[in-house]
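> Residues per chain, in single letters:
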Amino acid sequence: MEMLRETLKETWRFYRKTLVVVAKGSKAYYLWCLFLLTIILIGFKFYLQQHEVGLIATNLTDQVSWGLYIANFTYLVGVAAAAVLLVIPAYIYQFKPIKEIVVLGELFAAASVVMTILFVMVDLGRLDHFWHMLPFVGSINFPGSLLAWDVIVLNGYLLLNLFIPIYLLVKFYYRKEPNWKFILPFILISIPWAVGIHTVTAFVYNGLAARPFWNASILAPRFLASAFCSGPAMIVIVFQLIRKVSAIKIEDRALFKIAELIAYAMFLNLFLLAAEMYKEYYSDTAHIASFKYLFEGLHGHGHLVPWIWAAMAMNVAAFLIFLIPATRKRLSTLNLGCILIILGVWIEKGPGFVIPGFVPDPLGEIYNYIPNLVELMVSFGIWAVGALMFTLLMKVAIPIETGEFSHSKYQQAGASSGLH
Amino acid sequence: MEVKRRTRREFIRNLSLMALGGLSIPLLISCAKGYSKDEIEEFLQKQFMEMTEEEKKRVIARLERQYERRYGRKLRISTKEALPDTLWGYGLELSRCIGCRRCVYACAKENNNSRYDRQLHWIRVLQLKRGNLINLEHSEHYYNPDLVPEPGFTYLPVQCQQCQNPPCVKVCPVNATWQEPDGIVVVDYNWCIGCRYCIAACPYKGRVFNWSEPNIPTEEVNPSVHYLGNRPRLRSTADKCTFCIQRVRVGRYPACVEACPTGVRKFGNLLDPTSEIRYIIDRKRVFRLKEDLNTEPKFYYFFEA
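Line order of the protein sequences matches chains D and A.
For the first sequence, the working numbering gives the first residue as 610, with consecutive numbering after it.
For the second sequence, the working numbering gives the first residue as 208, with consecutive numbering after it.
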């Protein structure tokens, strides 16, 4: 009885302290949160507008029926999958500097998965029919539909990436060694699972014979290669921010190691793209139409052309930066490379991948899709939700990792829980 | 110090309570305002094939009420099942199609498709330069001359090809679309979640989406409808040609067949050796669109001359 009361008291203390940790911060922290909240509110207002009149509020049509939302979804699945890049070296090779930050990487993946789910939700025409997709309650077409697979693997991945870091953080909170025999199987399964979410997402497009641009067996490998560029590039930047605003120590060595892995992944990404380009251009069949629309314009329509060439230039430049040790191991050039990759892969694996699949459409029609203000604002809103979620998670996770925020018996009653 | 800590704690507790209270007020209001019984039933409606006969009757009665309120007309919603030993097939003779699009508009009228602000069509007529047929990249969808046919062009009407191996059914994540025993691919509009995966999967652009609230002028509403066919649609759901399921299951021709001024459109039961469609397949040179995709369409194009 006494123990139960003690546990309850301790739990209550944890929640109370969490609120304090989240509510207290520096001016920059408040400004950042306020900034994100503003964008979220604006995005939400635009979403309500879309919800009111239907998807007519967007620039989507029967010709290009998926656009900016699904482009962002595809890109973010890749970003979420990239957590695996941190898990593999950290746990398999016991690589010390990365091991300290892997919890943060997994929470990063969790925030990304939440964004992917939100992007699917805003793209759904009938949110009120959403429950039809729930297993047992509705009528999910599993294993027939790849979209059903995607719902299952993404939610599973979200649970894994919340469960593992929360388990580890609880152990840190109690200052106990984690029970590796218990948690290691979950960590190990999250590695193929990360590959799985991106493979399944590639297969969503890959299986459609109606769309030659997507119907190429190289698609899933290309997805993985590009994901292993964009996700880690984002993490390299985020980790530098974290170590600047918090007490957590992330060694440069860890960042350089991630950058080296990005260089290999980018090489693979460019090689696979070249392989696909060769096949399309040398055989030069009618199926090349979407490629031409993307890379050089088709029948005078080419509004994606400058975008994709900008993306190509960014990817190649970033590859060179990460390949050369001197530029890889200097923070200024490292960050430049990361930003180039984040943008380049977003164009290539987002709009540059989704839109040409629909142009020309199966009956040869060309519709030049450009997202409108509603789609842009809703998308920014969702990105802000992800950023805010990650910020708040970090605000709690970091003090636990550094030991500033732990079980009451390790903390003096009056000790301040204040962080930056 | 102690006092300060307590006030801060209380402040935070009060703040969170206020936030919770603030959030629940709109929720409570919306609950109190209440949805009508019909709206709640609509939300909880099961997938059509999983309903019992009794449940179907209830749903039909409710939909008829809702449509009457909405369109000011009494609609009769049929749930007539497929006829035995029937597999519907379609024939279209290309050499005599003049591209007049009468089929397109007869279809939209018969099937209660939206009329404006995304006019919805289940049939598309493609204008092709002579010398083209398979590569549709050179087709013109929006030709608009004073007089058809224009010399130097042929016309290719395309609608749902009623595949025997339909990619759209395979990809639907919620089983909102399926193939009926008479071969017609149908959609339960009340079950569709509006993800548009079927639209991406269809190689014939056979599916369209209700991007905005469907609209039909009251006097133009066709009151004779089928649950799986031409009943007025829901916003943000997919739909498609059903070979006029409401007509063919009671022994009539699809509207497009009746509307065609040159008589190029043929329809019948593929399982009946004496049917017109079987006569065409047996005696004419027929082909189907994109046969290489293995979708096995039941829509046969042919040439007389």
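Keep in mind the hints are simulated off the structure, nothing from the lab.
Treat the hints with care, as some may be off.
Each computed DMTMM-like pair below joins lysine to aspartate or glutamate, with the alpha-carbon atoms no more than 20 Å apart [as the list claims (entries may be wrong)]: (1) K244(A) to D737(D); (2) K281(A) to E427(A); (3) K497(A) to D893(D); (4) K316(A) to E426(A); (5) K377(A) to D759(D); (6) K705(D) to E860(D); (7) K901(D) to E387(A); (8) K253(A) to D737(D); (9) K497(A) to D479(A); (10) K705(D) to E786(D); (11) K377(A) to E387(A); (12) K244(A) to E288(A); (13) K938(D) to E869(D); (14) K336(A) to E357(A); (15) K336(A) to D324(A).
Some chain A residues near chain D, calculated using beta-carbon distances under 8 Å [to be verified]: (16) A315; (17) R322; (18) Q326; (19) C409; (20) P424; (21) E426.
Over the 10 Å line for every Cβ pair with chain D, so calculated as not near, a few chain A residues [what the hints assert, rightly or not]: (22) K244; (23) Q254; (24) R265; (25) R276; (26) A289; (27) K336; (28) S346; (29) N351; (30) P380; (31) R403; (32) A407; (33) L441.
Quantities reported herein were computed from a predicted structural model and do not represent experimental measurements.
Note that beta-carbon positions come from the ideal geometry of N, C-alpha and C, so glycine has one too.
> For every hint, state whether the structure bears it out.
Taking the hints in turn, this is what the structure says about them:
Between K244(A) and D737(D), the direct Cα distance comes to roughly 16 Å. Compliance with the 20 Å bound is thereby established for this hinted pair. Under the criterion of a C-alpha separation no larger than 20 Å, the hint pairing K281(A) with E427(A) is consistent with the structure, at around 13 Å. For the hint pairing K497(A) with D893(D), the CA-to-CA distance comes to about 19 Å; that is within 20 Å, so the pair holds. Pair hint K316(A) plus E426(A) holds up; C-alpha atoms about 11 Å apart against a cutoff of 20 Å.
As the CA atoms of K377(A) and D759(D) are separated by approximately 15 Å, the hinted pair is consistent with the 20 Å bound. For the hint pairing K705(D) with E860(D), the CA-to-CA distance comes to about 10 Å; that is within 20 Å, so the pair holds. Taken as a hint, the K901(D) and E387(A) pair is broken in the structure, with Cα atoms around 40 Å apart against an allowance of 20 Å. A C-alpha spacing of about 13 Å is found between K253(A) and D737(D), which places the hinted pair at or below 20 Å, so the restraint holds.
Taken as a hint, the K497(A) and D479(A) pair is broken in the structure, with Cα atoms around 26 Å apart against an allowance of 20 Å. The suggested pairing of K705(D) with E786(D) holds, with an alpha-carbon distance near 16 Å, which does not exceed 20 Å. Straight-line distance between C-alpha atoms of K377(A) and E387(A) comes to about 14 Å, which keeps the hinted pair within the 20 Å bound. With a C-alpha separation of about 28 Å, the suggested pairing of K244(A) with E288(A) is violated against the 20 Å cut-off.
The hinted pair formed by K938(D) and E869(D) meets the criterion: a straight-line CA distance of about 10 Å does not exceed 20 Å. At most 20 Å may separate the alpha-carbon atoms for a hinted pair to count; K336(A) and E357(A) meet this at roughly 10 Å. For the hint pairing K336(A) with D324(A), the CA-to-CA distance comes to about 30 Å; that exceeds 20 Å, so the pair is violated. Nearest Cβ of chain D to the Cβ of A315(A): about 14 Å, over the 8 Å cut. The hint is violated.
For the restraint placing R322(A) at the interface with chain D, the shortest Cβ-Cβ distance is roughly 14 Å, beyond the 8 Å limit, so the hint is violated. For Q326(A), the shortest C-beta to C-beta distance to chain D is roughly 11 Å, which exceeds 8 Å, and the interface hint is violated. Annotation: interface hint on C409(A) holds; nearest CB of chain D at approximately 6 Å, less than 8 Å. Proximity of P424(A) to chain D is violated relative to the hint, the smallest CB-CB distance being about 19 Å (cut-off 8 Å).
For the restraint placing E426(A) at the interface with chain D, the shortest Cβ-Cβ distance is roughly 24 Å, beyond the 8 Å limit, so the hint is violated. For K244(A), the requirement that its beta carbon stay farther than 10 Å from each beta carbon of chain D is met, with the minimum near 16 Å. A Cβ of chain D approaches the Cβ of Q254(A) within 10 Å, the least distance being about 5 Å, so the stated non-interface status is violated. Every CB of chain D lies more than 10 Å from the CB of R265(A), the least distance being 19 Å, so the non-interface label holds.
Once the 10 Å rule is applied to beta carbons, R276(A) is consistent with being away from chain D; the minimum gap is 19 Å. With a cut of 10 Å on Cβ distances, A289(A) stays outside the contact zone with chain D, its closest approach being about 21 Å. No beta-carbon of chain D is positioned within 10 Å of the beta-carbon of K336(A); the least distance is around 12 Å. With 10 Å as the threshold on Cβ separation, the claim that S346(A) sits away from chain D is violated: the shortest Cβ distance comes to roughly 5 Å.
Remark: the non-interface label on N351(A) is consistent with the geometry, its nearest Cβ contact in chain D lying 15 Å away (cut-off 10 Å). At roughly 4 Å, the least C-beta separation between P380(A) and chain D is not larger than 10 Å, which violates its mark as non-interface. For R403(A), the non-interface assignment is contradicted: its Cβ lies about 5 Å from the closest Cβ of chain D, within the 10 Å cut-off. Taking the minimum C-beta to C-beta distance to chain D, about 6 Å, the non-interface status of A407(A) is violated against the 10 Å cut.
Separation of L441(A) from chain D is inadequate, the least Cβ-Cβ distance of about 7 Å not exceeding the 10 Å criterion.
Violation of the numbered hints given earlier is confined to hints 7, 9, 12, 15, 16, 17, 18, 20, 21, 23, 28, 30, 31, 32 and 33; the remaining hints are satisfied by the structure.
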